[in-house]
Amino acid sequence: MKRLAKWRLISVFAILSLILSGCGEPFLSTLRPAGEVADIQYDLMKLSTLIMVGVILVVMVIFFIVLIKFRRKDEKIPKQVEGSHKLEIIWTTIPILLLLLLAVPTVSATFKLADVSPMDKKDSDALVINVRSNLYWWEFEYPGQKIVTSQDLVVPTDEKVYFNLISSDVKHSFWIPAVGGKLDTNTENVNKFWLEFDSAKAEEAGDLFYGKCAELCGPSHALMDFKVKTMDRDDFDNWVANMKDVKEPAKADTALAQEGQEIFNKSCISCHAVTPTNATPPEARLAPNLSNFGERSRIAGVLDHNEEELKNWIRTPEKYKPGNLMTGKYPELSEDQLDALTEYLMGLKVQE
Amino acid sequence: MSTYAQKKGFGATLWDYLTTVDHKKIAILYLIAGGFFFVVGGLEAVFIRIQLAVPNNDFVSAGLFNEIITMHGTTMIFLAAMPLVFAFMNAVMPLQIGARDVAFPFVNALGFWLFFFGGVFLNLSWFFDGAPDAGWTSYASLAMASKGHGVDFYVLGLQISGIGTLIGGINFLVTIINMRAPGMTYMRMPLFTWSTFVTSALILFAFPPLTVGLVLMMFDRMFGSNFFEASMGGNTVIWEHLFWIFGHPEVYILVLPAFGIFSEIFAMFSRKRLFGYSSMVFATVLIGFLGFMVWAHHMFTTGLGPVANAIFAVATMAIGVPTGIKIFNWLLTMWGGSVKFTTPMHYAVAFIPSFVAGGVTGVMLAAAAADYQYHDTYFVVAHFHYVIVGGVVFAILAGTHLYWPKMFGTMLNETLGKITFWLFFIGFHMTFFIQHFLGLWGMPRRVFTYLPGQGFETSNLISSLGAVFMSLGVIVLLYNVIMTSVKNERVGNDPWGDGRTLEWSLPSPPPFYNFKQLPLVRGLDAYWLEKMEGKKGMTPAEPLGDIHMPNASFLPFVIAFGLFVAAFGALFNMDDKAWSVPVIIIGLLITFGAMFLRSVKDDHGFHIHKEELMEDDNDKGVKA
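So the sequence lines, in the order shown, correspond to chains Y and C. Position one of the first sequence corresponds to residue 1 (full-length UniProt numbering), numbered consecutively onward. Position one of the second sequence corresponds to residue 1 (full-length UniProt numbering), numbered consecutively onward.
Isolated chain Y, as found in the complex (with noise of 0.2 Å):
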């Protein structure tokens, strides 16, 4: 067996390496917690490794006692035991305290994350966002303030921010890594849960967290990411009052996007809408805000945020996120035509 110890002892430095290498992207990763949530879940994680590691220990040492020192030498016939009643004792009794150890923290850490009381009080000022999640995009309504926007959350920070999360069609799962998470958006019913977002962390992060749909949704579902942008409570009254001005659809500055906006009107707007005041029902939104497209940090949640990329999106949908229900919903459009539109949609903009 020393060949299994050999190995063994390499999986342990392989296994300090990997620790060492780091734990991951600040703007993804659950180890990088940045937000209250995501704290008491990354310490709830610490303590049950680190019994978990007390646990493991103890069996390896028996275990490398065993195979070192019980091989087969000899064809003696070793003394039957039935058992001991002290050893059962011992690692039945243990174990529970252990486990309690770690059940009352689970227990009271389980009601934390659950309280969201604030948000039924009434003139409570707590800010409440309204998410419907759909194949593959996300929406997200703050009724407080009457504005809607999708694929882009954008909250403010160190305050909590309150969900309100459902699903159009599937269910699939609401997931910010670094955040906290995760709570699955049902089809019958609405789930809530509350996050907060800490500056210090948000903007080791570049202030844009990742999002992600973690319930299995379709063939897309691995491209169903959101973002994030952070940003401190004055920035964000400003973006709402930004986006709260916008009554209706502006007005395209250009003459080529002037020219994008009436292939837009003809094509896209039955399912698009360009003002964040959208008085539609949710059941009835059938694709994307893109109010403030033009500020977005992807297209279509995945691309790189360019027109090069919003082009071949527009080109071939099915090709960037196949299932999607875009495709085959407006005319195919000509070189000329897609360059009006790319220069109408990238100057939808509600801030300067």
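Do not take every clue at face value.
If you want the footprint, here are the derived chain Y segments under chain C, 3+ residues with CB under 8 Å [stated by the list, open to error]: (1) 60-67; (2) 167-174; (3) 211-222.
No wet-lab data here; the hints were simulated from the structure. Using N, Cα and C, we set each Cβ at its ideal position, and we do this for glycine too.
Put chain C on the given structure of chain Y with help from the hints.
What follows is chain C alone, placed relative to chain Y:
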């Protein structure tokens, strides 16, 4: 099996196996069918790892990837792990309790053929318009939205094979309760028999909820009912409950027999009786019981609320206690023993750290608030592969090497066995250890690809390389099986030399009636006790007399085949094909006709006479 082929010709052998009701031959059928599906599921796993080896890969398309992961999970659980476990139960359990066969040999054969046709039906989906693509859990909202017939194949195929599993479980229960040899009390039963007993009880209670769920889904898809249609007042969370009320016990249905096999191996190759036998039995029963109390830990993020989540979190942690008891008892079995590192013992020894790793991540996952981060990520993928591969697959591979001589009368090559072990062991840890971290770094599970720049590249490549080692291990095993069968060196009753339980007191393979005279069991490890007193075999508990045996029958095959035909009709009935209704009727006629025939035709079996048994003394085992 090659001996039969040489002596009887292929056609006769085939007919023999199609009609057999002998538990030992049914075990071989389970082993072959389960082994085949294991290779199929393994290939699907390899495709998954190829696709994920590099970011933005286009080895398979997104839709096809979802079909592959669905079929990988479904095949491995229902069509590979379960039948392989059933193979060892069939091969060994009746021998361990000193029985001549199971209680209902006909039903035993029927159970196999139902599983087999259900599995074939499910896999034929690849050749029609696509395999199921809603995950092995087939969550209702996605399954209902799934186009094509994939999900219908899943629903119908699993119903058919589920009936097979259920009647198999009932059969084992009755066998263990009623057919133990004189002196074989419950507390003298080998641990593998105990785990078969508890597992069968779990099957009895776990499969009906799955069947209920499948039937409701079949009604939704075939007849337009709305059990899972939220807009019509249905509720998809009910599917999640039904599925996991089955799904969690299913984990224990797989892993308890694995515990049983390892318990046998630890005792055998340490030359010591199992440490703390009665607490091992108690722990097995307790795990089985608690296994039904924890299903909602698969649904912590569904939004059941903090009360349910907290209760299920604590209940789940509780399972860690009996499992821990088992681990320590195994270690203490080896302590003070005389440990010989045969191939099965390699797997048993490797199982301890691997399974402990899977177990501790299980406790971590039980912490509900932290699970919100782990749920549906690669952390979970790593966890359940540590439990299922590190526990169940290791046990199946160990059992294959351990029981091969008892099933086929010849030993698998030990050197090749150890090469398989090392390749598989290294590959397994290389593939799955890193996946814990992928999950923590934010990689969701069931993704067909991932974008560069998220820190997932290197780790995924390492994981995929690990799969290469595992595949090589399986190839060496297949080579070993072929070489061993060709050489066909016959072995005696107790080829490992360390046998403790009744099966090792019989020739390898045992004669078709197993025990000429039922043995007298004088304690735990009955054969070992006799050996230690210098006796060669068991003391008989009865005088030599006629043995009553069941007749072979083709009807189990026909009954299962009828359902297979009817399922095709049902499937295409959804497309309003005119021929579908006649096909359903023909299929059901075949099934019920065969059942009717079975009911009205008296079949009293036959007797082996005393004189024949005495003649057999000279060439025992070979004739079988």
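* Between the region 60-67 of chain Y and chain C, see if three or more residues pass the 8 Å beta-carbon test, and mark the coverage as holds or violated. => holds (count 6)
* To do: Go check the region 211-222 of chain Y versus chain C for me, would you? Three or more residues, Cβ under 8 Å, otherwise it fails.
  => holds (count 11)
* Under a C-beta cut-off of less than 8 Å, do 3 or more residues of the region 167-174 of chain Y approach chain C closely enough to confirm the stated coverage? -> holds (count 5)
This entry satisfies every hint, going by the numbered hints stated previously.
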